[in-house]
Each structure stands twice: as C-alpha cells, then as structure tokens.
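Throw the hints in and build the complete structure from the sequences for me.
Residue numbering for the sequence shown follows our numbering, beginning at -4 and increasing consecutively.
No false leads were slipped in.
Straight-line C-alpha distance at most 30 Å; calculated DSS-like pairs for lysine-lysine:
(1) Lys244 / Lys308
(2) Lys431 / Lys308
(3) Lys45 / Lys18
Per label pair, the in silico range of CB-to-CB distance:
(4) Arg306 / Gly132: 40 to 46 Å
(5) Pro130 / Ser383: 42 to 48 Å
(6) Gly440 / Glu311: 20 to 26 Å
If you are wondering where the hints come from, they were derived from the structure by calculation, not from laboratory data.
As the structure is a computational prediction, the values presented were derived from the model and not from experiment.
We put the beta carbon where it would ideally sit given N, CA and C, even for glycine.
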Amino acid sequence: MSDPPILELRKVDKHYVGTYALKQVELAFRPGEIHAIVGENGAGKSTLIKILTGAIPRSSGIIRWRGQQVALATPLEAMAHGIDAVHQEVLLCPHLTVAANIFLGNEHTRFGLLRHRAMVRAAQRVLDELGFRLPAGALLSELTIGQQQLVATARAATRGTQFLIFDEPTAYLTRQETDQLFRLIRRLHQQGVTIVYISHRLEEIFQLAERVSVLRDGALVATREVAATTERELIRDMVARNIEEIHYKENIPRGAPLLEVEALSGPGFADVSLAVHAGEVVGLYGLVGAGRSEFVHAVFGRTRATAGRIRFKGAELRGHDERIAIARGIALVPESRRDQGLCLNLGVGFNLNLPVFQRISPGGLVDAGAERRSAAKQIADLRIVAASQGALAATLSGGNQQKIVIGKWLNHGADLFIFDEPTAGVDVGTKLDIYKLFAALLRRGAGIILISSYLPEVYDLSDRLHVFRRGRLVASHDAGTADAETILSEAIGV
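Printed below as a string of structure tokens:
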C-alpha cells in the first residue's frame, strides 16, 4: 500500500472575468517524489504554482496537506507548512549581497545589529556544500542570471522546505550549473523532499522525474509514470502536434553579406571575425561568460568596441550607438526580456509600439487609431494571448512576453535580427512559432544571429555555428560538419 499524498488538490478552479486559468484540477503528489509538470505557456502551470505558494487564492476546490485541509491563503502560510518555490524569473534583491539574499527574512543579528560578516561566512559554507561556486559577499546584481537562479535555489534549500517547486530552473543555466542543480535536486530527493519540476526541456523530465502531469488549457490532461511514456506522447498531450513539427527549419538560399566583422574586440571579448548573410542563421554557442552577449552588444552599439571593424550592408559603422544601429536596420532581442526588453508595468500595445511611436504618431500628436492597428497586427501575427492591448505586460506568460519583445522589432523592421536566448523558458508550441518566425524573416532577406545555451537548438537551426570560449571565437562550423559532442568540447576547452 502506497503512502498517502503529501499534498492533494481536489477539483481546484481558478477563474478570472471571462476566462478559466485552472479547471477542476485533481492532482496528488507522493511524499519524496520528483513530479514533473509540463504544458504550453498559458496551460495553467504558473497559476498552479501561485495557488500552492499562497500568492493567489483559488476560486474553489480543496487542498489537503498531509491529509489536513489547508487554506494556503498567504505565502507565509505556505512556507510555514514547508512549501516553497524557485521561480523562473529570480525574485530576489539585486542591490543586496548573495549572503543577504540567502538569509533574507532570517538575518543573523546580535543586540539588534546585523552581523553581515557572519552571514557571509555562513552563506559561503552553504554555497560550497551545495557545490555552487559563487561568492557570498558579492552583490547579486554582479552575477549572471543563471548564477542568480542558483542563489535562489540555495535560499530555498536552507529554509527547511519539504515541498519545493522548480519553475524552469535551467532556462539561463550553463551545462555545469545545470549539473550542479541536478545534483542538489537528487540530494534533496534522497532526503525525502518532494520536488515539483516544471520545464519545457523534456529531456530533463526524463533525467529527473518519476511521474509527469500534463496541463492543457487549464485542465489536467494526464498523469503518467515517466518510465512508461515518451517525449512524443508528452508533446501530443501538450499541443496536439507531432514532434517532427517542433524541430522546424527551412532551407533558404544565402544572399549577400549583411554584417562583416573583422578582428573586433571590446569589453568581455577579443579578436572576433565573422559574417552574416541575408537568408542565414549564424549561431553563437558557448558557456555563460564566454563573450557571446558582450560581442553582440558591441555590434548593436550598446557597448563600444575597442578595436576592429564592423561593416553593415557595405558601410562601415564607427562609434555607433543603439539609436544608430536601430536606424540602420539592426535589432536586438535581449537575453532577459523582463529586465531589458519590456516595460512590465505598461500595456501590451504600448510595448509593441515602443520603437515606432514617432512613425505612427508624428509631430508629437497621438494617433490612437494607428497605435491600435499597429499593435493589433503584431498580436494577431504572433498569436499573442492577452486580455486586451491595455493588459500589463507583467500579467502575461513568459512565452507571450517573449512574443511582445520580438513583435516590437517586427513592427519597426530590420535587416539583421540578434536573438539572445529567444526560447529560454518558453513552451514547445511557442518555440515552434518562433522558429517559423525565423524562417519568415529569412525569406524576406533578413539575417539572424542566434545565441542559445541550449546546444540542440543552436545546432539544429544554425547555417553556420561559431563557438566562443573565454571571450574568443575558438571554432566555426558549417551546418552538419561537426557533431554536438565536438562543439561542446570546444566550448568547455577539453
């Protein structure tokens, strides 16, 4: 006879005006299991997390914790039971140190005074024990997004958590950081902690989980034993598409050179030479900190190159900034959509129109009709799911937020699109939409630079793939001329 569930949902609903986010969900989690939850953006995963962690109330239904009915009305109540979450977007304080974030709400004090040095020493012991090579005394803002995610994980692991939810934890992690996280998850599992693991990377589900539940349109579609299912079955449950459709790439003839970079150096990278032609995807692969993002920021004019040459459509770019790059036809979709790509507290329509307000409302006079039409086209073309154009960007799912970031540059128009981690934390259906968008841009004669830490993605999509390591371009391959193991070895340096 199996143990009773540690947490159980009975007919749990969450509805807003005009829509159901969760519909009659019945789901039970076994003590000490690793239970994966998958589904497209908008399937109800985020709503489920918020209900279980006390961030939002359910509309109806019952939740039982260790057999007893509970309200989970506030985050404090959830944490008091031992329920916690590590979110896809890091919810910590960037102006505080790593140590201060780990002990946030549980600070070390003496006679009412903060013992920061003692906290740093204690936090460093925690990080070292977990295998996270991070400096406890550094400001959180000095760390990469992936490193910040590890700090959030360390914080949750030190709080006596019994039921820990991971929401897309590897979206911004390197391979080594992912391995560190997986070792921690397995250790917590051995200690009897129940793990709920949410990821769009299905191979991770098969590496870690014992059971997997599929949500679609707010409803629970199926719960399966991982050992008895396949990736093909999960994709069919999630999106009613075959796996062959997800790996989408068109063969498009290569055109004239758009971007030619010669021996370019700048902050974080040195001596990089490459070219991008119309109709091709040029991939940049490497570990976090390898210099890929720093390189494209110099191409875009966000940072100044210190040496080398950039030619775009035959004309040399010297001392250019972002405004000049945009005017010339270069667009950057940045790595962190929330921090660098969106105005979260403003509406969907406003965000989509940001680069084109002067064009659609000239002379400083607002043309409300033109703004609505402009935004409506991108919402329809990209299939952005939002209650209205006025809905705040912060209220949308990660996949729909990413579509807004992409849509605003489509509104503006460009010849060279730089995509930095464009599918981090988005579902397989949204990935397919983004890959088809790539093909449409290439057919129009644009070129694409694709940065991705997910090797299968950049390997499958790139017409030419460049490998970065420690700020330098160390290898280049045409599509299909090197296997994934070789590319990973070049990135690591072994």
